[in-house]
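Turn these sequences into a full structure, and let the hints guide you.
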Amino acid sequence: MHDVLRTRVNDFAVKLANVNGTGSASANSLIMQAIFRMGIPVTGKNLFPSNIQGLPTWYEIRVNKDGYGARALDYDLIVAMNGQTYAQDVKEVRPGGYLLYDSSWPLDPDLIREDITIWGIPLAQMCNEHFDDPRARILMKNIAYAGAMVAALDIDMDVIETMLDEKFAGKKALRESNLIALKLGYDYAKEHFECPLPFRLEKMDANGDKILIDGNTAAALGCLYAGVTVAAWYPITPATSVMDAFVSLCADYRVDKETGNRNYLILQAEDELAAIGMVLGATWNGARSFTSTAGPGISLMNELIGFGYYAELPAVIIDVQRVGPSTGMPTRTQQSDLLLCAYASHGDTRHILLFPANPNECFHFAVKAFDLADQFQTPVIMMSDLDIGMNDWVVPRLTWDNSYRPQRGRVLTKEDLDNGPKFYRYHDEDENFVTPRTLPGVSTKGSYFTRGSGHNKFGGYTETPDDYQQVMDRLKQKHAAAAKFIPEPEIVRREGAKFGVITMGGCNPACQEALDILDHQGTPADYMRLKGFPFSEVVEQFLAEHECCFVVEQSRDAQLRSLLTLETAVPKEKLKSVLAYSGFPLSAQRVVKGILEQL
Amino acid sequence: MPSIAKPIAKHPTLQKNALGLTIRDYEGSMSTLCAGCGHDSVTAGIIRTLWELSTPPHMIAKLSGIGCSSKTPTYFVGGAHGFNSAHGRMPAIASGAIAANRDLTYIGISGDGDSLSIGLGQLCHAIRRNLKMVYVIENNGVYGLTKGQFSASSDVGSKSKRGEANLMAPIDPVSMALSIGATFVARSFSGDKEQLVPILKAAFSHNGFALIDVISPCVTFNDHKGSTKSYLYTRQHAMRATQTDFVPQQREILASIGRNGATAVTMHDGSVIQFKQVPKDYDPTNRASVTRFLDEHRATNQIVTGLLYVDPNSIDLHEMKKTSETPLRDLPYEELCPGASVLDKLQEEYR
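For the protein sequence lines, the chains are Y and R, in the order given. Residue numbering for the first sequence follows my numbering, beginning at 1223 and increasing consecutively. Residue numbering for the second sequence follows my numbering, beginning at 173 and increasing consecutively.
Treat the hints as calculated values from the structure; they're not laboratory data. A portion of the hints provided could be inaccurate.
Said to hold, decoys possible - Mimicking BS3-like on lysine-lysine, the simulated pairs with C-alpha atoms at most 25 Å apart in a straight line are:
#1 R:Lys188 with Y:Lys1667
#2 Y:Lys1287 with Y:Lys1815
#3 Y:Lys1393 with R:Lys517
#4 R:Lys365 with R:Lys188
#5 Y:Lys1720 with Y:Lys1798
#6 Y:Lys1389 with R:Lys319
#7 Y:Lys1394 with Y:Lys1405
#8 R:Lys494 with Y:Lys1644
#9 Y:Lys1412 with Y:Lys1425
#10 R:Lys517 with Y:Lys1432
#11 Y:Lys1798 with Y:Lys1815
#12 Y:Lys1698 with Y:Lys1720
#13 Y:Lys1679 with Y:Lys1698
#14 Y:Lys1796 with Y:Lys1815
#15 R:Lys397 with Y:Lys1679
#16 Y:Lys1313 with Y:Lys1815
#17 R:Lys331 with R:Lys319
#18 Y:Lys1679 with Y:Lys1636
#19 R:Lys178 with R:Lys365
#20 Y:Lys1479 with R:Lys493
#21 Y:Lys1667 with R:Lys319
#22 R:Lys494 with Y:Lys1479
#23 Y:Lys1425 with Y:Lys1394
#24 Y:Lys1393 with Y:Lys1287
#25 R:Lys397 with R:Lys331
#26 Y:Lys1479 with R:Lys188
#27 Y:Lys1720 with Y:Lys1794
#28 Y:Lys1394 with Y:Lys1287
Unchecked claim - Stretches of chain R that chain Y covers, calculated by requiring three or more beta carbons in the stretch to come under 8 Å of a beta carbon on chain Y:
#29 222-233
#30 268-274
From the three backbone atoms N, C-alpha and C, an ideal C-beta is built for every residue, glycine too.
Here's what the structure looks like:
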């Protein structure tokens, strides 16, 4: 008997194959959200093309009662709604699994597999009979297959209906047609097939007050709460939704009710060269400011990131990484901007990086990024990625401490300047090698020239070797001092651990699951998830404690491994790599395989 | 840029402005440009203008890019903050700075390399954004700091010091700016302070992006026979279209006396600019006729100077964006953070 046929509750994976631009996304997220509302741990991964209409797009839903949220590769059910990809989709159903397709058109007999169950539902035909508007016919087909899934997986119909009520509040006609379509698929499935399937859903209470949110929205919320007033950006996938979310949050929470005046200014720049320039102009003038971008934008920003580093201006850059090099695959995920960001710009430069692993951390790390940038007067890059940024994740509810106040670092006031000694910009460093700065418009006593050209500790232009070097050496010490302000790595130790596993960011769910699998198989390992750069003593210690560590990451060139060998005392040969860089989110199977192959 | 300290000797009889400051208070460190550089004359014009306008030095922000011209903010208003940015990137820095604090007086200094080659895109978009700032292009048709390459404003036929003629069409910042909707466009000549100071004054009172193209000959690399940006060539070919006379609002009535025949333009802040010696059909507020006038004169190799175009109803970036009256950087954090209960409530959307 196939494993699939064994009754499994709240533990399966579904893949939906669609044509993009046909409205399938709303049907897919309806299903995903309904499962979430049933209190069941669920993950959705959108595997979409860099295109607006007509190309293949997939959506994967993994349901797992134990809360494993990485991408699952064994599809128990594939909903094949795209003729272009039938051949591939049919192939991917696990033996014993199910395929649901639109039987308005016949399935190529060559594609039929004996080891799976194939459900044909005449979705297009039914929708054509029930809806007159050509647009509605296309859109409702999606809702109809969602209806079939409700029957097949035992999704709570009440939950779905409530969601439709919320979604179409005040749009009665739309609600009605959605309900009709939903029932079309539902009734057909109930009538013609044995529902529910052997793998199905059952209400749980595992989600508590958790939320279902994408990392880009959460990052935008972080920027709002951190007190950003100026933002600058150039549209780029997959970072665009950061600023889209920030724009709507500002419209909701930053407009003066009486005057209609806006307590923010968002500049859509002509390119990323300008976007980062705007951020630096704004922070020079004392505002909190950020830009959001992806790898190609970071490439362009390199010039002024170096300026910010050398002139010591705060800046927050949210890098939602995608597949490179060059244009690469804009709608696929990777972690391959790491080294570029760590040392962005010509000359000796090094930057503070943060590695959020999920949307909840995108929120909190965004706030942290502003504090670090202000405190250390330097650009800080938050390294998110497409998987974290654009997919919906079930994460703990975001919390806020009302006593939070921005840490603005050493900024001299008029009183400080009037009463203190003569001000020099790069002089009088504190224990973290940070020197006080002044803002324009405060006092002539604070005036100085912000420059990217060689300068001495007084802020004056210099070509004198020792004076130049003095400032450069302090900058290196300042960066190192930031290590103790970076969130400490997440470390999970296991009894009898034979080696360590190190990762960052969106690899976290796959690694955690892989470590459980390995432990179950008798190969326990310790875990360290890095949350930022520069690396602290804790990182050094973990490396020192283990004879061998596997560095799991999403880049061809093992960039995290390189950064660790460059920036810690670890001998190169201690670190082995598990790499997955073809563009889809990481699965636990890939990690397990990668480790076992090298043991 | 090297900054050589200036000997400080204040003459007791030096005139004071409304703030009680002398013109020395608007100077910066000693110029390190070549002796006779046109840029130094522009610097002198800026110093005079800001002193006469009684702008508080700490409320001035000086920005620049890279190049000889971009060095000059060091040479004026030492009490102001300066931002010597990267090559061609000053418009972006200015955009962010102005966004953060709308209360400062912004002056950007750039050159033809900085603004018409590497920074052409940024200049265009700063014009479109209509940032409230004065933007001076010290235009000498040559790359000075890298020793004499042609720039994008070199005229066809103009010869380099080595005798090689430029065959590529120049970018004229004035007509370029007009074509993309600039709200204030002027051209002057560094050797003509009488004209430059009133233009600068008018520019500072403009509610938007005030572009001033100043032909400023390079004495070292572009002041030879065959150059069309030399002192001699400019003096021979410059044609004053308009003579600008800036009249601050509080003295409007007095100054308007005896200006029959002049065209008066009331600026956004209420001050009045008088255009003198204006050709009969010249209307500085009509973009189409200004463009035609400039084209006709260019055809006869005449460099038209003066305040060439102004839109008295100009709306700057902050008005377009409805930004708060209080500079954004001065808003207290308590007004910016929606707080814990809002965060909790808004997350219902993510359930």
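Against the structure, the hints come out as follows:
no., hint, verdict
1, R:Lys188 with Y:Lys1667, "holds (20 Å)"
2, Y:Lys1287 with Y:Lys1815, "holds (23 Å)"
3, Y:Lys1393 with R:Lys517, "holds (24 Å)"
4, R:Lys365 with R:Lys188, "holds (20 Å)"
5, Y:Lys1720 with Y:Lys1798, "holds (14 Å)"
6, Y:Lys1389 with R:Lys319, "violated (66 Å)"
7, Y:Lys1394 with Y:Lys1405, "holds (16 Å)"
8, R:Lys494 with Y:Lys1644, "violated (39 Å)"
9, Y:Lys1412 with Y:Lys1425, "holds (20 Å)"
10, R:Lys517 with Y:Lys1432, "holds (13 Å)"
11, Y:Lys1798 with Y:Lys1815, "holds (13 Å)"
12, Y:Lys1698 with Y:Lys1720, "violated (36 Å)"
13, Y:Lys1679 with Y:Lys1698, "holds (14 Å)"
14, Y:Lys1796 with Y:Lys1815, "holds (19 Å)"
15, R:Lys397 with Y:Lys1679, "violated (45 Å)"
16, Y:Lys1313 with Y:Lys1815, "holds (22 Å)"
17, R:Lys331 with R:Lys319, "holds (14 Å)"
18, Y:Lys1679 with Y:Lys1636, "holds (21 Å)"
19, R:Lys178 with R:Lys365, "holds (23 Å)"
20, Y:Lys1479 with R:Lys493, "holds (16 Å)"
21, Y:Lys1667 with R:Lys319, "violated (37 Å)"
22, R:Lys494 with Y:Lys1479, "holds (13 Å)"
23, Y:Lys1425 with Y:Lys1394, "violated (29 Å)"
24, Y:Lys1393 with Y:Lys1287, "violated (35 Å)"
25, R:Lys397 with R:Lys331, "holds (8 Å)"
26, Y:Lys1479 with R:Lys188, "violated (45 Å)"
27, Y:Lys1720 with Y:Lys1794, "holds (18 Å)"
28, Y:Lys1394 with Y:Lys1287, "violated (35 Å)"
29, 222-233, "holds (count 4)"
30, 268-274, "holds (count 6)"
The structure is inconsistent with the numbered hints 6, 8, 12, 15, 21, 23, 24, 26 and 28, although it conforms to all the rest.
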